[in-house]
Amino acid sequence: MSVVHPAGPAAATIATLWWVLLAGAVAIFGLVMGLLALAFRPRESTGGDRVWIVGLGLVFPLAVLGSLLAYGLVVGERLLPREAPDLVTVRAEGRQWAWSFSYADAPDRVTEGVLHIPAGRPVDVEITTVDVIHSFWVPRLAGKLDAIPGHVNRLRIEAWAPGEYAGVSSEYSGPGYREHVFTVRAHDAEGWSAFLAGGTP
Amino acid sequence: MNDILRLSLPLTVWLAAFSALYGLHGVLCSPRWDEAALGLAAGRGVLGLAGLLAVAAQVALLLALRSGRFASPSGFVRATSVGLSVVALVATLWTLIPVAATSTCL
Amino acid sequence: MNALQRHRALTRIWASEPGWTGWLTTVNHNDLGRMFLVAAATFFGIGGLLAMLIRAQLASPRSAFMGPEVYNQVFTMHGTIMMFLFAIPLFEGLTVYLLPKMLGTRDLAFPRLGAYGFWCYVFGGSMLVLSLLAGVAPDSGWFMYPPLSSSLGSPGINSDVWLIGITFVEISAISAAVEVVVTILRYRAPGMSLDRMPIFAWYMLVVAVMILTGFPPMILGSILLELERAFGMPFFQVAEGGDSLLWQHLFWLFGHPEVYIIFLPAAGVVSTILPVMARRTLMGYGWIVGAAVSLGVLSFGLWVHHMFTTGIPHMGLAFFSAASTLVAVPTAVQIFAWIGTLWTGRPQLRLPMLWILAFFATFVIGGLTGVMVAVVPFDWQVHDTHFVVAHLHYVLVGGFVFPMLAAIYYWLPHMTGRRRFFRLGETAFWLIVVGFHVTFLAVHWVGLLGQRRRTETYEPGQGWEIINLVSSIGGFVTAIGFGLVLVDVVVNAAVAIRGSRDPWGAGTLEWAMPTPPPAYNFASLPEVRGRDPLYDDPDLPVRIARGEGFLGTPRGNLRETLTVDVASGRAAHHVVLPGNTALPIVMALVTGGAFVGMLLKLYWLVPLAALGVIILAIRWVWTLGSRTDLGPQDVGRGLALPAAPEVEDPPGWWGTLFLLIADATLFGSLLFGYAFLWTVAPNWPPPAYLEPGALMPALAGAGALLAVLGPRVAERGLRRSGQAGAGLGLTLAGAVGAAVAAGLAIRGAADPQAHAYDATVWVLGGYVLFHAVLLALMVGVLGARAWAGFLSPLRYGELRILRLWADYGAAATVLGLAAAGLPGALT
Chain F
0 MSVVHPAGPA
10 AATIATLWWV
20 LLAGAVAIFG
30 LVMGLLALAF
40 RPRESTGGDR
50 VWIVGLGLVF
60 PLAVLGSLLA
70 YGLVVGERLL
80 PREAPDLVTV
90 RAEGRQWAWS
100 FSYADAPDRV
110 TEGVLHIPAG
120 RPVDVEITTV
130 DVIHSFWVPR
140 LAGKLDAIPG
150 HVNRLRIEAW
160 APGEYAGVSS
170 EYSGPGYREH
180 VFTVRAHDAE
190 GWSAFLAGGT
200 P
Chain H
0 MNDILRLSLP
10 LTVWLAAFSA
20 LYGLHGVLCS
30 PRWDEAALGL
40 AAGRGVLGLA
50 GLLAVAAQVA
60 LLLALRSGRF
70 ASPSGFVRAT
80 SVGLSVVALV
90 ATLWTLIPVA
100 ATSTCL
Chain L
0 MNALQRHRAL
10 TRIWASEPGW
20 TGWLTTVNHN
30 DLGRMFLVAA
40 ATFFGIGGLL
50 AMLIRAQLAS
60 PRSAFMGPEV
70 YNQVFTMHGT
80 IMMFLFAIPL
90 FEGLTVYLLP
100 KMLGTRDLAF
110 PRLGAYGFWC
120 YVFGGSMLVL
130 SLLAGVAPDS
140 GWFMYPPLSS
150 SLGSPGINSD
160 VWLIGITFVE
170 ISAISAAVEV
180 VVTILRYRAP
190 GMSLDRMPIF
200 AWYMLVVAVM
210 ILTGFPPMIL
220 GSILLELERA
230 FGMPFFQVAE
240 GGDSLLWQHL
250 FWLFGHPEVY
260 IIFLPAAGVV
270 STILPVMARR
280 TLMGYGWIVG
290 AAVSLGVLSF
300 GLWVHHMFTT
310 GIPHMGLAFF
320 SAASTLVAVP
330 TAVQIFAWIG
340 TLWTGRPQLR
350 LPMLWILAFF
360 ATFVIGGLTG
370 VMVAVVPFDW
380 QVHDTHFVVA
390 HLHYVLVGGF
400 VFPMLAAIYY
410 WLPHMTGRRR
420 FFRLGETAFW
430 LIVVGFHVTF
440 LAVHWVGLLG
450 QRRRTETYEP
460 GQGWEIINLV
470 SSIGGFVTAI
480 GFGLVLVDVV
490 VNAAVAIRGS
500 RDPWGAGTLE
510 WAMPTPPPAY
520 NFASLPEVRG
530 RDPLYDDPDL
540 PVRIARGEGF
550 LGTPRGNLRE
560 TLTVDVASGR
570 AAHHVVLPGN
580 TALPIVMALV
590 TGGAFVGMLL
600 KLYWLVPLAA
610 LGVIILAIRW
620 VWTLGSRTDL
630 GPQDVGRGLA
640 LPAAPEVEDP
650 PGWWGTLFLL
660 IADATLFGSL
670 LFGYAFLWTV
680 APNWPPPAYL
690 EPGALMPALA
700 GAGALLAVLG
710 PRVAERGLRR
720 SGQAGAGLGL
730 TLAGAVGAAV
740 AAGLAIRGAA
750 DPQAHAYDAT
760 VWVLGGYVLF
770 HAVLLALMVG
780 VLGARAWAGF
790 LSPLRYGELR
800 ILRLWADYGA
810 AATVLGLAAA
820 GLPGALT
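Chains F, H and L supply the protein sequences, listed in that same order.
Numbering that gives the first Met the number 0 puts the first residue of the first sequence at 0, with every later residue one more than the last.
Numbering that gives the first Met the number 0 puts the first residue of the second sequence at 0, with every later residue one more than the last.
Numbering that gives the first Met the number 0 puts the first residue of the third sequence at 0, with every later residue one more than the last.
Do not rely on the hints blindly, as some may be mistaken.
[Claimed, not checked] Non-contacting residues of chain H with respect to chain F, defined by C-beta distances greater than 12 Å in every case (computed): (1) N1; (2) D2; (3) G22; (4) R31; (5) E34; (6) L37; (7) G47; (8) A49; (9) G50; (10) R65; (11) S71; (12) V86; (13) V89; (14) P97.
[Stated by the list, open to error] Cβ-Cβ distance ranges computed for the label pairs, FRET-style: (15) A70(H) with R718(L): 30 to 40 Å; (16) R718(L) with G44(H): 16 to 26 Å; (17) R31(H) with G692(L): 18 to 28 Å; (18) L79(F) with V37(L): 47 to 57 Å; (19) A55(H) with R500(L): 54 to 64 Å; (20) R31(H) with L79(F): 45 to 55 Å; (21) L79(F) with A674(L): 24 to 34 Å.
Since the hints were derived computationally from the structure, they do not count as laboratory data.
A virtual CB, placed ideally from N, CA and C, is assigned to each residue, including glycine.
Okay, chain F solo, but in the shape it has when bound:
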């Protein structure tokens, strides 16, 4: 379930983003606290409005935030569900309190509570709901995206390696919310073909 233990490219990009954000935040927090502490030492008064307000209050945050915004937008663009050669499309339908999944490559298959995907290939999940708002989240693979009544949202996920990854609904949905969970099972190439062919790996 951990955001900082990624198992796919999207989650890894965001985990890196987090460590950068954390480092920057710690540095800025240290700077502010240091300046605050130094205000209490015995000394001659220093610094005019210009240093404090223009320098530290305007220029410094504009520079930091400008680069941060650019970084965030670039990362955001990279995670969008763009066209890809070996793309797999699946559909996730939420309801109180279960998930069912269907597959563009195997139109007859519907699985309950377990989403099957191939490892190492980009997968687009088309997310929707039949009742209230839910949210599709597999923390180790990617960020979350909501399931909104009447809308279909598209989320790009990918797992590096075969395995099982925990997924949850992460939009509060009433008394059964805690148990509104699912599993993503990533297969190697053979396992995926077998699944599509109707096997139950």
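Add chains H and L to chain F, keeping to what the hints say.
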């Protein structure tokens, strides 16, 4: 009251332009734009044009608030309203970055 | 008249009635401010208790202490109480108490409105708490997303309690905001120009305007959702052309400014206290004013950052990511101006300063995590996890509760006239600060490890157990700290020794009076020449008490004060404020009747209560104004000012203006919602549009025209020949025309349960109809007042108030009915 207007107008115009731009973007990515069959490139052009208009409005406001005709008689209000007008111009430019930097409807 | 005689005469005029009825009938801001503070503290206690239940539940995995049904009510009510019944009323109370004193005036602009707001708050808040005791409290989360909060997800009464109770409470926020804006703009000491205002007044001016423009979207959302729940009008149901995302937009259009509505008063407190603690004046006054205004407006461009995971295209999100990063800049300007103030002063570590340091340490972390979640991809991961819970607690506790604790300790000597003697406060400080950081640093961490918010428990084995236990222990330590603060404040207020008048050596006017403050604040109103009148003239308090300022000679039973020109602060008008009355509490009770009628589906009660409100409102305005021409009023120091009934912009005109700004925002939100559904909702267009025909547009246009003309004709007639009748008649005809046109629109729409479009037409028509009826009622009341002699060629200000309503009503008629009818006319 005029002084209150001088202080509040530039940022209010930013907010109006910002909301209008977001609304316009919403229309571009909605089925209604598909029905009109104008295409996304035209849509981005419209967004850019709207952005230019917003910037022009901010520049005009800034010049007006510095001019003899519209500036406040109070020195404090004059300085603060010009400052806030600069803030509004920067905010307009800053929040226009996505029009150039991101994909339209993904 | 010597100082003591003056004190006795003014106290007789301004004090509340003796005995317990005094609490029910008082309209004095000294009483109401304290009542607000005590009520808000009580709700904080209840909300805090719920917080402890949450931490007890989460302390261990698989906890069986509460099931989901109970837990859902507990966390929903914790958020709701802290946001709506604690945070906003607390700073309102502080403002009501302090603002007239800082501005150098005797009371707020609309004393009875303030009292009415207070009682609406207490009654509405009590409804919510009672529902908790009855086990039917709201349980859809404090932001109430439909469909979960609507009939589909919550068939019971729980959501209705939230929608109706909170709307009732919001009457107090709106009325307090109107009162605060008008007070700051008009009710100041003579000579206090805009640039001489205490910085706290600037902050509160921004906050009050934000309340007037931030709350209406949510009030509209609550009305629409209640209409959906009660009458099946499908604004948020996708199958019938609604969209659940509309609620999220309306809610966060309120919800994000709300965060700054809570933070800015606290920043105003910091900007006031910190320079005093640093023994200098605030660095960069003009910069701070600019930062506060920028923050206020920019915060309205952030609402979608609560909706980063709803599937809005990346460019749409990027707009809000950009705005959300930008909003950190004015915050940084303030933070560094404060630190610069400390660097250039001689800061002293007294208890209010300790709390301000805690504010810095906590709020800066909250701001930094705020910038993190403003980065779209990061938010995709942590949205709806405990990381966001921790972030918002750092912002709200660090950015609001800690500065408010500084405020309590700073102004406690003012309220009690006593010096703090028992030193529990320092112990409480360390317990709260350490406890808080232990609690919520842990909550950040467990959020990153994947724990969602709002689950009643969790399974062991995910590395969350120890973190949650530590967090819960920190939470209990914090709670003990708050308990100690309560004991400390009560003990020091009750038994500590008398203190000096200005214990901190501050320069603002609230310290230029005896403490605890007399009911009238200032024996005479000072003339102000700088930002810190007490630094400019240390003898000012003595001269005020000696009656050397304005209005130093009490007359009869009149609560006299004066208003000033907005920008220059020149003395402008003489005003007599209303005295003690039970009208506000009675009106709040009757208003409550309408809300209870909606809640319990006793719909016959609603029109009955509305009628009661109308009758009481007429009684309310009947006590205002004058039946004789007054002429210029002597205000002392050789100055005579026009009396408020004889000016073109009486206080009521200003109040109306700002109330209409809130009204216009509500209407604008409605038009936004309509456009949103048209653009985004999947099941549009509707099966059929309203056919406007020719009669409805003609009636609407003619009605609007007459409504605009009428008050102008009435004023001309009154000022030339003393006759307003013809103009009032025209206005009435305009109102009737608009009402009939609105009725035609409603009748022309299909069944409002069929499609969101038809429901919207009903609401648009209903809005126009409401304003037309209101205008007709006003014309009737004004006609009666003209007949009773309240109007004269000199006393025409009331017609200006009517004109504001008529102009607004005309604009709403044209816009609203055009929006309803245009789609049908075009297709």
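Hints numbered earlier in the text: which of these fail when held up against the supplied structure? Violated hints (numbers, rising): 12, 13, 14, 16 and 20; every other hint is consistent with the structure.
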